[in-house]
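Let's have the full structure, built from the sequences with the hints guiding it.
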Amino acid sequence: MIIDFVLLFFVVICAVAAVSLKDLLGAVIILGAYSLLMALLWTRYNSVDVAFTEAAVGAGITTVLLIAALSRTMRHEEAPEGRAPGAFPWFSRITRLIPLGVVILTGAVLIYGTLDMPNFSDPNAPANLHVAPYYIEKSVPETGVINFVTSILASYRGYDTLGEVTVIFTAGICVLILLRRRFHD
Amino acid sequence: MTEHVIIKTISRLMIPFIQLFALYVIAHGELGPGGGFQGGVIMGASFILYAMVFGLEEGRKRISRKTSDFFSPTGLFIYAAIGIFCILGGGLYLEYDRLPLIGDAILASQLGIYGIEIGVGITVSAVMTTLFFEMARRDED
Amino acid sequence: MEMIEIIAGKFNYWIYISLMMIGFYAMIAKGNLIKKIVGLNIFQTAVFLFYISIAVVEGSTAPILLSRAHGALTPETVIYTNPIPHVLILTAIVVGVSVTAVALALAIKIYRAYGTLDEYKIAKMEQEAE
Chain A
1 MIIDFVLLFF VVICAVAAVS LKDLLGAVII LGAYSLLMAL LWTRYNSVDV
51 AFTEAAVGAG ITTVLLIAAL SRTMRHEEAP EGRAPGAFPW FSRITRLIPL
101 GVVILTGAVL IYGTLDMPNF SDPNAPANLH VAPYYIEKSV PETGVINFVT
151 SILASYRGYD TLGEVTVIFT AGICVLILLR RRFHD
Chain B
1 MTEHVIIKTI SRLMIPFIQL FALYVIAHGE LGPGGGFQGG VIMGASFILY
51 AMVFGLEEGR KRISRKTSDF FSPTGLFIYA AIGIFCILGG GLYLEYDRLP
101 LIGDAILASQ LGIYGIEIGV GITVSAVMTT LFFEMARRDE D
Chain C
1 MEMIEIIAGK FNYWIYISLM MIGFYAMIAK GNLIKKIVGL NIFQTAVFLF
51 YISIAVVEGS TAPILLSRAH GALTPETVIY TNPIPHVLIL TAIVVGVSVT
101 AVALALAIKI YRAYGTLDEY KIAKMEQEAE
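Chains as they are written, first to last, in the numbering used here: chain A, 1 to 185; chain B, 1 to 141; chain C, 1 to 130.
Think of the hints as simulated: they come from the structure by calculation, not from any bench. It is possible that part of the hints are untrue.
Label-pair distances were calculated between CB atoms; the ranges are [unchecked claim]:
1) I18/B - G113/A: 40 to 46 Å
2) L111/B - L65/C: 18 to 24 Å
3) H76/A - G59/C: 45 to 51 Å
4) L13/B - A129/C: 51 to 57 Å
5) E57/B - P123/A: 55 to 61 Å
6) L73/C - I3/A: 16 to 22 Å
7) A129/C - M74/A: 17 to 23 Å
8) M117/A - G71/C: 27 to 33 Å
We put the beta carbon where it would ideally sit given N, CA and C, even for glycine.
So, in structure tokens, the structure goes:
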């Protein structure tokens, strides 16, 4: 319980730091730490497959790709000068506060929406009562695989995984089309 | 260049073990946490580590453009082909119980899941390698 | 008090929502394109955290079949975490890294074309080019 709170606290600190740093290399490295702390938090929530994937993909591949992109572009965020539209000085101050207002409004609406949700870690929540017991009971007799997540991913919902591999392949092709110079070799 | 000796030596020692661990994670996806995606990403990360430590040209000599371009769709093809084999055996698309030439339905299901995990691992590792090499290249203009 | 019960049951969700809003703010308020992509990643990971927290069940273990007793858990009395959100989030994480890769490739192309990554400067350049 204490570990959960300490991890959540550090996760929020990392998110705020990654957003507000002007040095983009520092922001990317803190994003890597954010992904790793998320993976630890998911391990605390017993989601081992998801934590494994997030540690490998989030803290590994995303950080490397962001640093590679930074090395080809600029390292420091440019200072916001000469951006204000309009002639009145107070108008520019208001337009700078509009994103903050939108974010606070969205957050308030979402918090109002969670008042209807079941409590955290409730065993009688509707999400845990309908399809999940069927998969847990029938996984070994029907597919012979003891890891329920793999049996759902590969056997019960195999079409989704086929689509996911297609998405990865398409992303590889898109990056090839955008960035490769010479196609004859 | 003496400050790179430690990194180069440790990488040379660690990369075979990283790749072995990646194969272990792909093969044991049914028995514990892991599976095709996680193992494929770890395998791609081993190639990226080699390219980062020893230079991009040296990395491209080991994993040429043709290799990574060839293996990207191969995994997806294996995945789709296993589905077609299930139709040939008399079932629906991706119904592993009806794979031909295997008698037991549970064994056929486990082999089908194993086959598609291998396909997913091949595609994911090849695409991660391609993404890194294309993004980290120096501009040639 | 009913208020304390509501807060004790739901404040986890409120922390996750505040994380989402930090990422959302970075996406819409910052001008640098790479900062927007960093905000996108923070937003995505916070949404996954919110979704996984739905799967948590009190006193449960990882969703892998228990074949023999481990301490207090026996194969007859064990409760497993809900495995379905894990499957959906596995797909979502991988799709998220694909989107990040394509977005970074586009940012590199934009930098090559305009020489800057600040969206306001690019908009001004586009306006002056007309």
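Hint-by-hint comparison with the structure:
1. I18/B - G113/A: 40 to 46 Å: holds (44 Å)
2. L111/B - L65/C: 18 to 24 Å: For L65/C against L111/B, whose Cβ atoms are near 19 Å apart, the range 18 to 24 Å holds.
3. H76/A - G59/C: 45 to 51 Å: holds (49 Å)
4. L13/B - A129/C: 51 to 57 Å: holds (54 Å)
5. E57/B - P123/A: 55 to 61 Å: The hinted range 55 to 61 Å holds for E57/B and P123/A, with Cβ atoms some 57 Å apart.
6. L73/C - I3/A: 16 to 22 Å: Distance hint for L73/C, I3/A holds at roughly 20 Å.
7. A129/C - M74/A: 17 to 23 Å: holds (21 Å)
8. M117/A - G71/C: 27 to 33 Å: Holds: the Cβ-Cβ distance is about 32 Å, inside 27 to 33 Å.
In this structure, none of the earlier numbered hints is contradicted; all agree with it.
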